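Residue numbers (my numbering), protein chains in the order written: chain A, 391 to 666; chain B, 391 to 666.
Rather than coming from a laboratory, the hints here were simulated on the basis of the structure. None of the values given here were measured: they were computed from a predicted structure. One or more of the hints may lead you astray.
No copy labels: a pair is met if it fits in one copy or bridges any two.
[Said to hold, decoys possible] The list that follows gives simulated cross-link-like pairs (lysine to aspartate or glutamate, DMTMM-like), each with its CA atoms no further than 25 Å apart: (1) Lys530 to Glu470; (2) Lys536 to Glu623; (3) Lys432 to Glu483; (4) Lys536 to Asp456; (5) Lys433 to Asp633; (6) Lys530 to Glu582; (7) Lys457 to Glu608; (8) Lys432 to Glu399; (9) Lys622 to Glu483; (10) Lys432 to Asp633; (11) Lys536 to Glu604; (12) Lys530 to Asp456.
Next come the chains, spelled out residue by residue.
There are 2 protein chains.
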Amino acid sequence: MQIAKSIAELRSARRTMLGTVGLVPTMGALHQGHLSLVRAAKKSCDHVIATIFVNPTQFAPNEDLDKYPRTLEADCAQLEREGVDLLFAPAREEMYPAGETTRILVGPVADRLDGASRPGHFTGVATIVAKLFHLAAPHKAFFGQKDAAQVAVLRQMVRDLNFDLELIVEPIVRDPDGLAMSSRNRYLSAEERRQALVLSRALTTAASAYRYGETHAEHLINLINTVLATEKEVRIDYIALVDPDTLLPLAIAAPGALLAIAAHVGTTRLIDNQLL
Amino acid sequence: MQIAKSIAELRSARRTMLGTVGLVPTMGALHQGHLSLVRAAKKSCDHVIATIFVNPTQFAPNEDLDKYPRTLEADCAQLEREGVDLLFAPAREEMYPAGETTRILVGPVADRLDGASRPGHFTGVATIVAKLFHLAAPHKAFFGQKDAAQVAVLRQMVRDLNFDLELIVEPIVRDPDGLAMSSRNRYLSAEERRQALVLSRALTTAASAYRYGETHAEHLINLINTVLATEKEVRIDYIALVDPDTLLPLAIAAPGALLAIAAHVGTTRLIDNQLL
């Protein structure tokens, strides 16, 4: 696996790639969720470019940019093992040199769910992803369903700005006990990790009620609320039943609707979701 | 010359182009300034794509979107004669379908000169140009020095978002009497056209003073003011001596500095500039 630290190295490596290119943008601290994206890319593209960059513009000043886990050596070993052709792992100044000022505002969808809880977050996401699209020139780009609001924002950006590529979304990967994999799970103490299981449990309960005929958003959300309330230390950020493309609330659940949760466990913010 | 009205037609025609592609984005109502861009593109690229689209997002509600000249048939004949391979002339809904919401904000440079006079203008320009870049996938894109602030904004966007293409800027083309060519010159009455000549006259006077050793911004701007004042009907919007990249004011002129004017003649807003 070639490792490019600079834009010049990335561009020159990209130019040697014939056939289709799949891009897997990550912030590192890789887990099986990321690796499932790499495997999907390997399966459907001739070449795979992964990127590791903890993007400062998607973190608010009060968020965890500085303590975000950085495990580059282990990440490289995993990507190499999966057969990634090229890893782009730039320094901050390479992506945001002095004097850069351009931002991509995706519009109202970027202000919903996590965009409401984390103002400006999706402007940072959209901007870095557009930059990586221009740098890697992929035919397909792979993202996880875990970040459901991010998926909606990026779909809107790709459509609106006429990016000539396909967004591929891969299912959430869970630990055997149901916890959705996340780089931020490393922050959890053993006790917090146990408490965090209530998120997937709540979603499973609501999805099961939906399969048994419950379609009222209010009832499904109440149900999730009730399950989450069994863990007193878990502080809810949002519980939402929304259209997965617009992220606008639905009154009645239908196939394809998105049930999504964000909650704090200790100082760690976790998200999880389920498509009905 | 092939004419594509839809994105699908453009993309499929683009895929057949081997070698380098030059893009000349225009709003139509073509004049020799536009044709100089086409000729430069022909000279340095294997294929030339021109676009004609009167971009609504760069016009404020009080501006001239509806009356902006539309001369598609004559434009096509001119582009055909110049050897353009492909013209993309989409309808408004093709570029801005219902539900689109994404905008590119280039930052402070977009709020200077014409960006100050026309709030939001360069957000519209940056957004449509990024879309055309994604659709035409050019190696080089050609713009006129006449729109000096636009050039600064697009350079910043290309740099910040890592577009993999080269911006080529071609000199202002003038009528024999000195008037900078503009699609908006069609709005001018014979008397207004005569008055409008004072813009290039003022710039020439200041540039000549600079060549004779005058470097103080204040003096050069006063000089331009004095010349413009000889035409009572011409209302100044701005006179500026700026850095051509940042569009920030310079106190002292130096080689490469940009002298720029915007003024209203009757109801028509005209711009002109000179690089020192």
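Consistency of the hints with the structure:
1. Lys530 to Glu470: within (20 Å within a copy, 36 Å between copies)
2. Lys536 to Glu623: Cα proximity of Lys536 and Glu623: one copy only (23 Å, versus 63 Å across).
3. Lys432 to Glu483: neither (30 Å within a copy, 37 Å between copies)
4. Lys536 to Asp456: For Lys536 and Asp456, the Cα distance is within 25 Å only inside one copy (23 Å; across copies 45 Å).
5. Lys433 to Asp633: This pair counts as neither: shortest intra-copy Cα distance 29 Å, inter-copy 50 Å.
6. Lys530 to Glu582: For Lys530 and Glu582, neither the intra-copy (37 Å) nor the inter-copy (54 Å) Cα distance is at most 25 Å.
7. Lys457 to Glu608: neither (37 Å within a copy, 51 Å between copies)
8. Lys432 to Glu399: This pair counts as within: shortest intra-copy Cα distance 22 Å, inter-copy 30 Å.
9. Lys622 to Glu483: Classified as neither: same-chain Cα gap 42 Å, cross-chain 51 Å, threshold 25 Å.
10. Lys432 to Asp633: neither (30 Å within a copy, 48 Å between copies)
11. Lys536 to Glu604: within (24 Å within a copy, 63 Å between copies)
12. Lys530 to Asp456: So Lys530 and Asp456 fail the 25 Å test inside a copy (31 Å) and across (39 Å) alike.
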